[in-house]
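> Sequences listed follow chains A and B, in order. FYI, this note's numbering numbers position 194 of the first sequence as 194, with every residue one higher than the one before it. FYI, this note's numbering numbers position 106 of the second sequence as 352, with every residue one higher than the one before it.
To be clear, the hints were calculated from the coordinates, so they are not data collected in a lab. Hints may contain errors.
[As the list claims (entries may be wrong)] Short, incomplete list of chain A residues facing chain B, as computed with Cβ under 7 Å:
| hint | residue |
| --- | --- |
| 1 | 22 |
| 2 | 99 |
| 3 | 161 |
| 4 | 164 |
[Said to hold, decoys possible] Which residues of chain B face chain A? A partial, calculated answer using Cβ under 8 Å:
| hint | residue |
| --- | --- |
| 5 | 293 |
| 6 | 364 |
| 7 | 365 |
| 8 | 402 |
Note that CB positions come from ideal geometry on N, CA and C, so glycine has one too.
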Amino acid sequence: MKKGMMLSWLRLFAVQSSWNYERMAAIGTARALEPMLRDLPGGRDGARYHEALGRSVGFFNSHPYLIGVAVGAIAKAEHEGVPAAQIERLKAALTSSLGSMGDRLIWAGTLPFASGIGLALAATTPWYVGPAVFLLFYNLVHLALRTWGLQAGWRDGARVARALGAPLLRVGLSLAGPMAALAVGLAIPLVATWLGTGVSPLLHTAIFGVAAVGLTLALWLAPALGGLRFGLVMAAVALGLGTLWP
Amino acid sequence: MTLDLVRLDDRLVHGQVVVGWGQALAASLVIVMDDRVRQSEWEQELYRMGMPPHMSLEFASVEEAVAAVPRWLCSSQKTLLLTGDVDSLVRLVEGAPAIRRVNVGGLHQQPDRRQRLRYLYLSETEAEQLRRLAERGVEVSVQDVPTARPIPFREIP
Numbered sequence: 001m002k003k004g005m006m007l008s009w010l011r012l013f014a015v016q017s018s019w020n021y022e023r024m025a026a027i028g029t030a031r032a033l034e035p036m037l038r039d040l041p042g043g044r045d046g047a048r049y050h051e052a053l054g055r056s057v058g059f060f061n062s063h064p065y066l067i068g069v070a071v072g073a074i075a076k077a078e079h080e081g082v083p084a085a086q087i088e089r090l091k092a093a094l095t096s097s098l099g100s101m102g103d104r105l106i107w108a109g110t111l112p113f114a115s116g117i118g119l120a121l122a123a124t125t126p127w128y129v130g131p132a133v134f135l136l137f138y139n140l141v142h143l144a145l146r147t148w149g150l151q152a153g154w155r156d157g158a159r160v161a162r163a164l165g166a167p168l169l170r171v172g173l174s175l176a177g178p179m180a181a182l183a184v185g186l187a188i189p190l191v192a193t194w195l196g197t198g199v200s201p202l203l204h205t206a207i208f209g210v211a212a213v214g215l216t217l218a219l220w221l222a223p224a225l226g227g228l229r230f231g232l233v234m235a236a237v238a239l240g241l242g243t244l245w246p
Numbered sequence: 247m248t249l250d251l252v253r254l255d256d257r258l259v260h261g262q263v264v265v266g267w268g269q270a271l272a273a274s275l276v277i278v279m280d281d282r283v284r285q286s287e288w289e290q291e292l293y294r295m296g297m298p299p300h301m302s303l304e305f306a307s308v309e310e311a312v313a314a315v316p317r318w319l320c321s322s323q324k325t326l327l328l329t330g331d332v333d334s335l336v337r338l339v340e341g342a343p344a345i346r347r348v349n350v351g352g353l354h355q356q357p358d359r360r361q362r363l364r365y366l367y368l369s370e371t372e373a374e375q376l377r378r379l380a381e382r383g384v385e386v387s388v389q390d391v392p393t394a395r396p397i398p399f400r401e402i403p
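Model the full assembly from the supplied sequences, consistent with the hints where possible.
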């Protein structure tokens, strides 16, 4: 394994900790990249290290779970002495493609899929099975993506498109949306039935309370939650209240 | 008209565009207009990786785009054109006056740019170029995602 890669991998978990609209994920990405730059010729006092680090704090964004691909690829490009202008263009192209892939793979795929399966199991099996399966599956996916991404990026450098074309990833991308729809479609009737029949009065009251607080929060946050997200929150709250109204 | 969106966005093909605009407009073709990307095979390959299977992606130089606008306008395929810099956008609209509307999506921080909106940073020159475009009767509206309210460019600070 490349020197510094383990530390870079750990830092990938904090990659959004200084996210802002000016540079988006740039600072977190630079921090994750830094350990892999330490062995550039000249070391930490050398010009190469300083120039590479300086370059890496300019505007950059990606999906947080796929940033490892960018970190690995940029580190490799820096080690290979790829010209600065080309590294900037690599970052721009990665911002584009990793962002779009991550949105489809995670936010529109893995997360709703895992939630749907978790909810369906919560409604039909002992109480701990649903949450456990949700946490296990969701975390496996993002841990695998971070680990694979960093290694694949480092292996391919500026030719990282090859890694992003990996068959498993392509299959995942094309299945993510339909699988999520399937899981949510399975979960809704099961959960509605469970809420209507299988819940003890105490839990019933507790869920009702949570739904009421959620409604208040949703109305309060309405200006900050744009369009779709607000719609989803309201739909969830409406579903909760509708099922629970005594 | 089926050139449904002409958008200025320096992230070119990203989630907001593919998931947000692509779905809202039911677009099936995305054109990335950028003279440098047009020349670079490895960059094109990376941008292609971000596309969902039901949308196709083509690359054009500004000159090629100007020549292709009439064809896009009368094609039945819903098309979305993206460009990452103000110069290219102005050259496109000057070359193809049939384009009456442009969308300003996101331009991000650079040393000579000033923040105008959360997602919009413009240098004085770029702001002036867009202002002139608007004065010539092109509808220049600023809007990051389809669910947001479009803001006419003259209202941008």
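> Each hint needs a verdict: does it hold in this structure or not?
Hints versus structure:
1. 22: Since chain B brings a Cβ to about 5 Å from residue 22 of chain A, closer than 7 Å, the hint holds.
2. 99: Holds, about 4 Å.
3. 161: The hint holds - residue 161 of chain A has a Cβ within 7 Å of chain B, the shortest such distance being about 4 Å.
4. 164: Holds, about 4 Å.
5. 293: 6 Å, holds
6. 364: 5 Å, holds
7. 365: 7 Å, holds
8. 402: Check failed: Cβ of residue 402 of chain B comes no nearer than 16 Å to chain A, outside 8 Å.
Checked against the numbered hints given earlier, this structure breaks only hint 8.
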